[in-house]
Amino acid sequence: MVLKLSENALLEIFDEGGLIFVFADCRMIDLDKMTTDIVNKLDGEKTLQAVARELAKEKDMPLTRAKTEVQKPCLELERVGILQKSPDRFNTNTAVEVQYVQNPKIVVNESDHNNGAILFNPGTNRVKTVNQVGWYIWQNCSVAKTAKDIIAQVKNAFEDVPHERVAKDVQDFLSHMSSNDFIQEKCQDRNK
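If you want the numbering used here, it's the 1-based position in the sequence shown plus 864.
Just so you know, the hints here were simulated from the structure itself, not pulled from any lab data.
Some clues are possibly wrong.
[Stated by the list, open to error] Here are the simulated DMTMM-like pairs of lysine to aspartate or glutamate, each with C-alpha atoms no more than 20 Å apart in a straight line:
no. : residue 1 : residue 2
1   : Lys905    : Asp889
2   : Lys910    : Glu933
3   : Lys868    : Asp924
4   : Lys1050   : Glu918
5   : Lys1050   : Asp896
6   : Lys1012   : Glu1028
7   : Lys936    : Glu974
8   : Lys936    : Glu961
9   : Lys910    : Glu961
10  : Lys949    : Asp924
11  : Lys1050   : Glu1028
12  : Lys1009   : Glu909
13  : Lys910    : Glu1028
14  : Lys1009   : Glu933
15  : Lys1050   : Glu961
16  : Lys868    : Glu940
17  : Lys923    : Glu961
18  : Lys897    : Glu940
19  : Lys905    : Glu880
20  : Lys1012   : Asp1033
21  : Lys868    : Glu961
22  : Lys923    : Glu933
23  : Lys868    : Asp894
24  : Lys1012   : Glu1023
25  : Lys910    : Asp1045
26  : Lys897    : Asp924
27  : Lys1032   : Glu961
28  : Lys905    : Asp924
29  : Lys992    : Asp1045
30  : Lys992    : Glu974
31  : Lys949    : Glu909
32  : Lys905    : Asp894
33  : Lys949    : Asp901
34  : Lys949    : Glu961
35  : Lys1009   : Asp1036
36  : Lys921    : Asp1045
37  : Lys897    : Glu876
38  : Lys921    : Asp901
39  : Lys1009   : Asp1024
40  : Lys868    : Glu942
This one's a predicted model, so the numbers in the text were calculated from it and none came from an experiment.
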């Protein structure tokens, strides 16, 4: 997920933290130092996962803790309208193209009975069971691909799935899998 400060809000940074002023209803929200650092990193291009990686490196903390530190306040600030989702990153007209690729550290156990698989992330100690479509997406992320490419492949492979649902379901799956570090996001500049 990619978030940025709402156009109706302003962040003021101080040594001890920060203050967000919301123009629409003249609210002021006091932020602690950690949340201020996180919000300041939200540029509308970095994923929450990328921000968590930066935070983990800067604060010398485990990535799993950094992800929690990032996700909790960001989701709450999005819920109250202070943060907003960045414009559709799946739009082919954007200069930055996001590609998805398997996290190479994931341990896979294929499940014969439902054509799915069980994925284990030793870095976070998390397990994810994926169905046939999820397994198909996972396999197709063995090399970096854009969401647009993955959506087209899913539509071709699973003709019985309503095409109008495919894009949203694939995007939701990629977002969930990347936020839990099963799939990694790589940003490529399309102008290079």
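Hints, one by one, checked against the model:
For the proposed pair Lys905 and Asp889, the alpha carbon gap of about 24 Å is over 20 Å, so the pair is violated. Only pairs whose Cα atoms come within 20 Å are accepted, and Lys910 paired with Glu933 is accepted, the gap being roughly 16 Å. Between Lys868 and Asp924, the direct Cα distance comes to roughly 24 Å. Violation of the 20 Å bound is thereby established for this hinted pair. Using a Cα cut-off of 20 Å, the hinted pair Lys1050 and Glu918 holds, with the two alpha carbons roughly 14 Å apart.
At roughly 30 Å between alpha-carbon atoms, Lys1050 and Asp896 are farther apart than 20 Å, so this suggested pair is violated. This hinted pair checks out: Lys1012 and Glu1028 have alpha carbons roughly 14 Å apart, not beyond 20 Å. Note on Lys936 and Glu974: the hinted pairing is violated, with a Cα-Cα distance of about 32 Å set against a maximum of 20 Å. At most 20 Å may separate the alpha-carbon atoms for a hinted pair to count; Lys936 and Glu961 exceed this at roughly 26 Å.
A hinted pair counts as satisfied when its Cα atoms are at most 20 Å apart, and Lys910 with Glu961 qualifies at roughly 12 Å. Proposed proximity of Lys949 and Asp924 is contradicted: the alpha carbons are some 28 Å apart, above 20 Å. Distance check on the hinted pair: Lys1050 and Glu1028 sit about 26 Å apart at the alpha-carbon level, beyond 20 Å; violated. The suggested pairing of Lys1009 with Glu909 holds, with an alpha-carbon distance near 18 Å, which does not exceed 20 Å.
Restraint check for Lys910 and Glu1028: the C-alpha separation of about 28 Å exceeds 20 Å, so the hint is violated. Between the alpha carbons of Lys1009 and Glu933 the distance comes to roughly 29 Å, so the proposed pair goes past 20 Å and is violated. For the given pair, Lys1050 sits about 8 Å from Glu961 by alpha-carbon distance, which is consistent with the 20 Å threshold. This hinted pair checks out: Lys868 and Glu940 have alpha carbons roughly 13 Å apart, not beyond 20 Å.
Distance check on the hinted pair: Lys923 and Glu961 sit about 29 Å apart at the alpha-carbon level, beyond 20 Å; violated. For the hint pairing Lys897 with Glu940, the CA-to-CA distance comes to about 16 Å; that is within 20 Å, so the pair holds. The straight-line distance between the Cα atoms of Lys905 and Glu880 is roughly 17 Å, inside the 20 Å bound, and the hint therefore holds. At roughly 12 Å between alpha-carbon atoms, Lys1012 and Asp1033 fall within 20 Å of each other, so this suggested pair holds.
Taking the CA atoms of Lys868 and Glu961, the gap is near 17 Å; set against the 20 Å cutoff, the hint holds. With a C-alpha separation of about 11 Å, the suggested pairing of Lys923 with Glu933 holds against the 20 Å cut-off. The hinted pair formed by Lys868 and Asp894 meets the criterion: a straight-line CA distance of about 18 Å does not exceed 20 Å. Between Lys1012 and Glu1023, the direct Cα distance comes to roughly 17 Å. Compliance with the 20 Å bound is thereby established for this hinted pair.
Taking the CA atoms of Lys910 and Asp1045, the gap is about 15 Å. The hint holds against a cut of 20 Å. Using a Cα cut-off of 20 Å, the hinted pair Lys897 and Asp924 holds, with the two alpha carbons roughly 16 Å apart. Only pairs whose Cα atoms come within 20 Å are accepted, and Lys1032 paired with Glu961 is accepted, the gap being roughly 18 Å. Restraint check: the Cα-Cα separation between Lys905 and Asp924 comes to about 17 Å, which is no more than 20 Å; the hinted pair holds.
At most 20 Å may separate the alpha-carbon atoms for a hinted pair to count; Lys992 and Asp1045 meet this at roughly 11 Å. Proximity of Lys992 to Glu974 is assessed by CA-CA distance (about 12 Å); at most 20 Å being required, the pair is judged to hold. Note on Lys949 and Glu909: the hinted pairing holds, with a Cα-Cα distance of about 10 Å set against a maximum of 20 Å. Distance restraint check for Lys905 and Asp894: the Cα-Cα separation of roughly 17 Å lies within the 20 Å cut-off, and the hinted pair is therefore satisfied.
A C-alpha spacing of about 18 Å is found between Lys949 and Asp901, which places the hinted pair at or below 20 Å, so the restraint holds. Under the criterion of a C-alpha separation no larger than 20 Å, the hint pairing Lys949 with Glu961 is consistent with the structure, at around 16 Å. About 16 Å separates the Cα atoms of Lys1009 and Asp1036, which keeps this hinted pair within 20 Å; it holds. As the CA atoms of Lys921 and Asp1045 are separated by approximately 16 Å, the hinted pair is consistent with the 20 Å bound.
For the hint pairing Lys897 with Glu876, the CA-to-CA distance comes to about 12 Å; that is within 20 Å, so the pair holds. Taken as a hint, the Lys921 and Asp901 pair is honoured in the structure, with Cα atoms around 13 Å apart against an allowance of 20 Å. Among the hinted pairs, Lys1009 with Asp1024 is inconsistent with the structure: their alpha-carbon atoms are about 23 Å apart, more than 20 Å. Distance hint between Lys868 and Glu942 is fulfilled; the C-alpha atoms sit about 9 Å from each other, no more than 20 Å.
When each numbered hint is compared with the structure, violations occur for hints 1, 3, 5, 7, 8, 10, 11, 13, 14, 17, 39.
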